[in-house]
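Here the structure of chain E is known, so what remains is to put chain D in place on it, guided by the hints.
Chains E and D are the protein sequences, given in the same order. The first sequence lines up with residues 17 to 284 when you count with this note's numbering. The second sequence lines up with residues 17 to 284 when you count with this note's numbering.
Worth double-checking, as some hints may not be accurate.
For identical chains, the list gives no copy identity; a pair is met inside one copy or between any two copies.
[To be verified] Straight line, CA to CA, 25 Å or less: simulated DSS-like cross-link-like pairs of lysine-lysine:
no., residue 1, residue 2
1, 281, 232
2, 185, 234
3, 203, 98
4, 203, 264
5, 172, 91
6, 279, 155
7, 281, 203
8, 272, 234
9, 247, 213
10, 98, 232
Derived from the structure by calculation, the hints contain no laboratory data.
Protein chains: 2
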Amino acid sequence: MGEVNIRNIRLFIAYDGTNYLGWQIQPKGPTIQGVLETLLTKLLGHKVRLKVAGRTDTGVHALCQVAHFLTLSHKPLEVIFKALNAMVSPDICIWKVEEVDFKFHSQRDTLKKTYVYYVYNYPVRNPLVRLYSHWVPEKLDINAMKACLPLLIGEKDFASFRKSGTDIKTTVRTIYSASLKRVTGMKHMLAFEIAGKGFMRYMVRNIVGLLIEVGKGKLGIEDVQRIIESKDRKVAPPPAPPQGLVLKKIEYPPIKVIDSYPKFKIEL
Amino acid sequence: MGEVNIRNIRLFIAYDGTNYLGWQIQPKGPTIQGVLETLLTKLLGHKVRLKVAGRTDTGVHALCQVAHFLTLSHKPLEVIFKALNAMVSPDICIWKVEEVDFKFHSQRDTLKKTYVYYVYNYPVRNPLVRLYSHWVPEKLDINAMKACLPLLIGEKDFASFRKSGTDIKTTVRTIYSASLKRVTGMKHMLAFEIAGKGFMRYMVRNIVGLLIEVGKGKLGIEDVQRIIESKDRKVAPPPAPPQGLVLKKIEYPPIKVIDSYPKFKIEL
Numbered sequence: 017m018g019e020v021n022i023r024n025i026r027l028f029i030a031y032d033g034t035n036y037l038g039w040q041i042q043p044k045g046p047t048i049q050g051v052l053e054t055l056l057t058k059l060l061g062h063k064v065r066l067k068v069a070g071r072t073d074t075g076v077h078a079l080c081q082v083a084h085f086l087t088l089s090h091k092p093l094e095v096i097f098k099a100l101n102a103m104v105s106p107d108i109c110i111w112k113v114e115e116v117d118f119k120f121h122s123q124r125d126t127l128k129k130t131y132v133y134y135v136y137n138y139p140v141r142n143p144l145v146r147l148y149s150h151w152v153p154e155k156l157d158i159n160a161m162k163a164c165l166p167l168l169i170g171e172k173d174f175a176s177f178r179k180s181g182t183d184i185k186t187t188v189r190t191i192y193s194a195s196l197k198r199v200t201g202m203k204h205m206l207a208f209e210i211a212g213k214g215f216m217r218y219m220v221r222n223i224v225g226l227l228i229e230v231g232k233g234k235l236g237i238e239d240v241q242r243i244i245e246s247k248d249r250k251v252a253p254p255p256a257p258p259q260g261l262v263l264k265k266i267e268y269p270p271i272k273v274i275d276s277y278p279k280f281k282i283e284l
Numbered sequence: 017m018g019e020v021n022i023r024n025i026r027l028f029i030a031y032d033g034t035n036y037l038g039w040q041i042q043p044k045g046p047t048i049q050g051v052l053e054t055l056l057t058k059l060l061g062h063k064v065r066l067k068v069a070g071r072t073d074t075g076v077h078a079l080c081q082v083a084h085f086l087t088l089s090h091k092p093l094e095v096i097f098k099a100l101n102a103m104v105s106p107d108i109c110i111w112k113v114e115e116v117d118f119k120f121h122s123q124r125d126t127l128k129k130t131y132v133y134y135v136y137n138y139p140v141r142n143p144l145v146r147l148y149s150h151w152v153p154e155k156l157d158i159n160a161m162k163a164c165l166p167l168l169i170g171e172k173d174f175a176s177f178r179k180s181g182t183d184i185k186t187t188v189r190t191i192y193s194a195s196l197k198r199v200t201g202m203k204h205m206l207a208f209e210i211a212g213k214g215f216m217r218y219m220v221r222n223i224v225g226l227l228i229e230v231g232k233g234k235l236g237i238e239d240v241q242r243i244i245e246s247k248d249r250k251v252a253p254p255p256a257p258p259q260g261l262v263l264k265k266i267e268y269p270p271i272k273v274i275d276s277y278p279k280f281k282i283e284l
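In isolation and in its complexed conformation, chain E is listed as follows (with noise of 0.2 Å):
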């Protein structure tokens, strides 16, 4: 009995970015963040602040979103989860809580991040995927797509592809695959899947809105090499929309999972 011990608590998170301001907290409207840490803190008696692997913009979707944040509450796990699911709308799902290592760190421990961009692409507007995909009337080159992908893949200065205005410490980021592929069983769907070690603002975006310039053949593989080339966002078109986006997986080193409901390998 009162024992003192600091749990650190990892939540994997599903949510439908449609309704909010993106990820962080703001006080201009509703943030994942926001919704999240207000529940937890009314749950746990204390205030609650969340640290997160992907900090999703306005409208971006998430399967496999990944926070923590630490507490001294000795509430169980299966009762986190069940307060947590039951008081949020249906367009969050919180589908696991671990209790883990205490050194584990959901921002800074992430080996890689994948994201899932899908753009539908047929000259008629479907309504019922209008939340979930970027719509491109034009049709598309997806061969000459394709071609420009391994531009991006590698340790490089992605600089024409961060977000106009902000200023970073470096434009270097690692990518270690991209792919663009026709859905199976979704006619007209492109999925255009692109894993790294992290991601700026806006870089998916960005570069997917290059890549449907080169679909439409505006662009070539040549400009696309010359747009990375010159570092410069201004010589970029602007970024894709943000519904077509979906933070798909974030991938951790092993660490000490102490406990975790619900038990069972969960697959979205």
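Structure of chain D alone, referenced to chain E:
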């Protein structure tokens, strides 16, 4: 000039039913018919009344809804198409406008209607599919469900699947086919597809509600047989919720199409 020429205009419509009280106009809130009749009336300068192939209920979606109306307007199809799509909200799309044979009737002439019902079958909720599928956390026995499908085929009295409290002339309907499949490319998603000459209100959702009980192991194939033969709505389980249902296709006998916009073949 001034020639009186009544045109019969056929519309192909897709919509996300989430924010509508179904197709049919009603005073309580927005409906697809209400929205489209208001816009067409404004556009064509006379009261427009739409007849429709399938009156979908509150929250039900459509990829291929078909409606028609008569007009004296000479407005080109391209103008009607572009004006309608510019005025509707993004959850509705009119994807083809045709001038057809004067005798065509969208409701009366239907040969075959195809509906799909999506079930997300996984212990964990997925916020990204919640608006277009029904979440069933219990593991479903798909083979047991499939074994019941032959019982649905043919011309039968489907009184057990009518909407409670409705009074209709006959509860005999003809079902041509029914299938249940895992959706390739969409994890944990099942699609129940059913085609028939026509359906009663709630019929597809009542069938799905029954099949889910079979999948959960609460009912067997002999119970399904008994429930169908009872012709009694009260012995069947409640309907599955509306958001999983999509009106996928309406088929007609070949008819004379005088003109269409756009001209190319469309497959959503």
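Status of the hints after comparison with the structure:
1. In this homomeric assembly, residue 281 and residue 232 come within 25 Å of each other (Cα to Cα) only across copies, at 21 Å, whereas the closest approach inside a single copy is 41 Å.
2. Taking the closest pair of Cα atoms, residue 185 and residue 234 never come within 25 Å of each other, the shortest separation being 32 Å inside a single copy and 60 Å across copies.
3. Proximity of residue 203 and residue 98 under a CA criterion of 25 Å is satisfied inter-copy only: 24 Å between copies versus 36 Å inside one chain copy.
4. When the C-alpha separation of residue 203 and residue 264 is checked against a cutoff of 25 Å, the pair qualifies both within a copy, at 21 Å, and between copies, at 13 Å.
5. In this assembly of identical chains, residue 172 and residue 91 lie within 25 Å of each other by CA distance neither inside one copy nor across copies; the values are 45 Å within and 56 Å between.
6. Taking CA atoms no more than 25 Å apart as the test, residue 279 paired with residue 155 passes between copies only; the shortest distance there is 16 Å, against 45 Å inside one copy.
7. Taking the closest pair of Cα atoms, residue 281 and residue 203 come within 25 Å of each other only across two copies (14 Å); inside a single copy the shortest separation is 30 Å, beyond that limit.
8. For a Cα distance limit of 25 Å, the shortest separation of residue 272 from residue 234 qualifies neither inside one copy, at 50 Å, nor across copies, at 40 Å.
9. Taking the closest pair of Cα atoms, residue 247 and residue 213 come within 25 Å of each other only inside a single copy of the chain (19 Å); across copies the shortest separation is 61 Å, beyond that limit.
10. Taking the shortest alpha-carbon separations for residue 98 and residue 232, only the inter-copy value of 23 Å comes in at or below 25 Å, while the best intra-copy value is 47 Å.
Violation of the numbered hints given earlier is confined to hints 2, 5 and 8; the remaining hints are satisfied by the structure.
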